[in-house]
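Enquirer: This is what each chain is made of:
2 protein chains.
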Amino acid sequence: MNNGLKVKPLTQEDFAAFGDVVESEGRDSYFINNGMAERFNALAKVETRGDGSYPIISLVKSKKFDLPRKVDHVEYHPLGSQAFLPLDQTPFVVVVARAGDAPQPDDLHAFITNGQQGINYHADTWHHVLLTPYAAMSFICVDWRGEGNNCVDYHFPEIRQLWLEIPG
Amino acid sequence: MNNGLKVKPLTQEDFAAFGDVVESEGRDSYFINNGMAERFNALAKVETRGDGSYPIISLVKSKKFDLPRKVDHVEYHPLGSQAFLPLDQTPFVVVVARAGDAPQPDDLHAFITNGQQGINYHADTWHHVLLTPYAAMSFICVDWRGEGNNCVDYHFPEIRQLWLEIPG
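So the sequence lines, in the order shown, correspond to chains A and B. For the first sequence, numbering that gives the first Met the number 0 gives the first residue as 0, with consecutive numbering after it. For the second sequence, numbering that gives the first Met the number 0 gives the first residue as 0, with consecutive numbering after it.
Keep in mind that a hint or two might mislead.
Derived DSBU-like pairs (lysine-lysine); straight-line CA-CA distance at most 35 Å [stated by the list, open to error]:
hint, chain 1, residue 1, chain 2, residue 2
1, A, Lys7, B, Lys60
2, B, Lys62, A, Lys5
3, B, Lys63, A, Lys60
4, B, Lys69, A, Lys60
5, B, Lys5, A, Lys62
6, B, Lys5, A, Lys63
7, A, Lys44, B, Lys63
8, B, Lys44, B, Lys62
9, A, Lys62, B, Lys7
10, A, Lys44, B, Lys60
11, B, Lys5, A, Lys7
12, A, Lys7, B, Lys7
13, A, Lys63, B, Lys62
14, A, Lys5, B, Lys63
15, B, Lys7, A, Lys69
16, A, Lys7, B, Lys69
17, B, Lys69, A, Lys62
18, A, Lys7, A, Lys63
19, B, Lys7, A, Lys5
20, A, Lys69, A, Lys7
21, A, Lys69, B, Lys5
22, A, Lys5, B, Lys60
23, A, Lys5, B, Lys5
Heads up, incomplete: computed chain A residues facing chain B, CB under 8 Å, no partners named [what the hints assert, rightly or not]:
hint, residue
24, Glu37
25, Ala41
26, Lys44
27, Tyr53
28, Ile56
29, Ser57
30, Val59
31, Lys60
32, Leu66
33, Lys69
34, Arg144
35, Gly145
36, Asn148
37, Val151
38, Ile165
Hints in this document: simulated from the structure, not taken from any laboratory. Please read these numbers as outputs of a predicted model, since none were measured by experiment. Cβ atoms here follow ideal geometry from the backbone N, Cα and C, with glycine treated the same way.
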């Protein structure tokens, strides 16, 4: 039952069901500051739910992960979106499933960034923790602060664990 | 009257009246993801005001600025905070003044980052456009989208123009 989870290159189109890809590639822009700066506007919407909640900016430093790796856990945030924007131009891997009931292994999708892309999970989108298989990496994180439980976990039964391998 | 505007190293303490410094240096952290990632939480609060407004994530690519440069314009955003988080580990310069009446030249403060720092202007904080004197730079921008005018401009009278020069 240990079918590998195939890792595909991250694209805006394929990721649209799960969240936003924060990248300038293929996006419209306009100039600000008397032509001195080019703005690629609103690549992601930051969403927060719940009275008194608000978005925050944090830094997250991820250690290097070894692959292949069991993907045996996913989580989602019911009260807000969550963006990870890398400060290193290094690819990383995101594993997601559509919002709704706890995913089956076949519902998982794995994407690898091209080193110029950040991601923003929509609220309710199931996701594995960020995987940084090439190096320790630092990220800007834009997510939620407030009252209430903003993390729902799901552990796959043992038999449904999957292995993630990056092709090539 | 062309007194130079002295540029100081950016510190959390000196910048507190104007906004947040987004850096891990000197900040508390905790581990997440089974110890695989270290989170420096809530380094900045994202603020939006106005019905139907919400925060967005954009990319801003700034051209290289020549120095010395006239600082003859400032602006502020009444409806939200505005963060600039550099994707290049290169210093840049921010010029700010406290919220309130249009600043006099002596009210301006100029700071240079250390290459590991981002900034978040509080709503209402007067600021010059970002200055990137060392190189063209890319930034993650976290600010506001909504209805209403979110930019108030002020042009200094000619006689009050200042020149920015970076020491050393």
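Enquirer: Next, verify each hint and record whether it holds.
Expert: Results for each hint:
Only pairs whose Cα atoms come within 35 Å are accepted, and Lys7(A) paired with Lys60(B) is accepted, the gap being roughly 28 Å. Only pairs whose Cα atoms come within 35 Å are accepted, and Lys62(B) paired with Lys5(A) is rejected, the gap being roughly 39 Å. The suggested pairing of Lys63(B) with Lys60(A) holds, with an alpha-carbon distance near 29 Å, which does not exceed 35 Å. Of the pairs offered as hints, the one joining Lys69(B) and Lys60(A) is violated, with about 38 Å between alpha carbons and a cut-off of 35 Å exceeded.
Distance restraint check for Lys5(B) and Lys62(A): the Cα-Cα separation of roughly 39 Å exceeds the 35 Å cut-off, and the hinted pair is therefore not satisfied. A C-alpha spacing of about 41 Å is found between Lys5(B) and Lys63(A), which places the hinted pair above 35 Å, so the restraint is violated. Note on Lys44(A) and Lys63(B): the hinted pairing holds, with a Cα-Cα distance of about 28 Å set against a maximum of 35 Å. Restraint check for Lys44(B) and Lys62(B): satisfied, since their Cα atoms lie roughly 27 Å apart, inside the 35 Å limit.
Distance hint between Lys62(A) and Lys7(B) is fulfilled; the C-alpha atoms sit about 33 Å from each other, no more than 35 Å. The hinted pair formed by Lys44(A) and Lys60(B) meets the criterion: a straight-line CA distance of about 19 Å does not exceed 35 Å. Proximity of Lys5(B) to Lys7(A) is assessed by CA-CA distance (about 50 Å); at most 35 Å being required, the pair is judged violated. Under the criterion of a C-alpha separation no larger than 35 Å, the hint pairing Lys7(A) with Lys7(B) is inconsistent with the structure, at around 46 Å.
Restraint check for Lys63(A) and Lys62(B): the C-alpha separation of about 33 Å stays at or below 35 Å, so the hint holds. For the given pair, Lys5(A) sits about 41 Å from Lys63(B) by alpha-carbon distance, which is inconsistent with the 35 Å threshold. At roughly 49 Å between alpha-carbon atoms, Lys7(B) and Lys69(A) are farther apart than 35 Å, so this suggested pair is violated. Taken as a hint, the Lys7(A) and Lys69(B) pair is broken in the structure, with Cα atoms around 49 Å apart against an allowance of 35 Å.
At most 35 Å may separate the alpha-carbon atoms for a hinted pair to count; Lys69(B) and Lys62(A) exceed this at roughly 44 Å. With a C-alpha separation of about 20 Å, the suggested pair Lys7(A) and Lys63(A) falls inside the 35 Å cut-off, and the hint holds. For the hint pairing Lys7(B) with Lys5(A), the CA-to-CA distance comes to about 50 Å; that exceeds 35 Å, so the pair is violated. Proximity of Lys69(A) to Lys7(A) is assessed by CA-CA distance (about 17 Å); at most 35 Å being required, the pair is judged to hold.
Distance restraint check for Lys69(A) and Lys5(B): the Cα-Cα separation of roughly 54 Å exceeds the 35 Å cut-off, and the hinted pair is therefore not satisfied. At roughly 34 Å between alpha-carbon atoms, Lys5(A) and Lys60(B) fall within 35 Å of each other, so this suggested pair holds. Of the supplied pair hints, the one linking Lys5(A) and Lys5(B) is violated, its CA atoms being roughly 55 Å apart against a limit of 35 Å. A hinted interface residue such as Glu37(A) counts as satisfied when its beta carbon comes closer than 8 Å to some beta carbon of chain B; here the least separation is about 5 Å, so the hint holds.
Here the hint on Ala41(A) is kept, as its CB sits about 4 Å from the closest CB of chain B, short of 8 Å. Taking 8 Å as the C-beta contact cut-off toward chain B, the hint placing Lys44(A) at the interface holds, the least distance being around 6 Å. A cut of 8 Å between beta carbons decides the hint on Tyr53(A): the least distance to chain B is about 6 Å, and the hint holds. Taking 8 Å as the C-beta contact cut-off toward chain B, the hint placing Ile56(A) at the interface holds, the least distance being around 4 Å.
Here the hint on Ser57(A) is kept, as its CB sits about 5 Å from the closest CB of chain B, short of 8 Å. Below 8 Å, beta-carbon pairs count as interface contacts, and Val59(A) has one with chain B at about 5 Å; its hint therefore holds. Checking Lys60(A) against chain B: minimum C-beta separation of about 5 Å stays under 8 Å; hint holds. The interface hint given for Leu66(A) is violated, since its Cβ lies 13 Å from the closest Cβ of chain B, which is over the 8 Å cut-off.
Because the closest C-beta pair between Lys69(A) and chain B is about 12 Å apart, greater than 8 Å, the hint is violated. Annotation: Arg144(A) was flagged as interfacial toward chain B, and the flag holds, the nearest CB pair being 6 Å apart, inside 8 Å. The interface hint given for Gly145(A) is broken, as the beta carbon of that residue sits about 11 Å from the closest beta carbon of chain B, more than 8 Å. Checking Asn148(A) against chain B by beta carbon gives a least distance of about 15 Å; that is not within 8 Å, so the hint is violated.
Nearest Cβ of chain B to the Cβ of Val151(A): about 15 Å, over the 8 Å cut. The hint is violated. A distance limit of 8 Å between C-beta atoms decides the matter here; for Ile165(A) the minimum to chain B is near 17 Å, and the interface restraint is violated.
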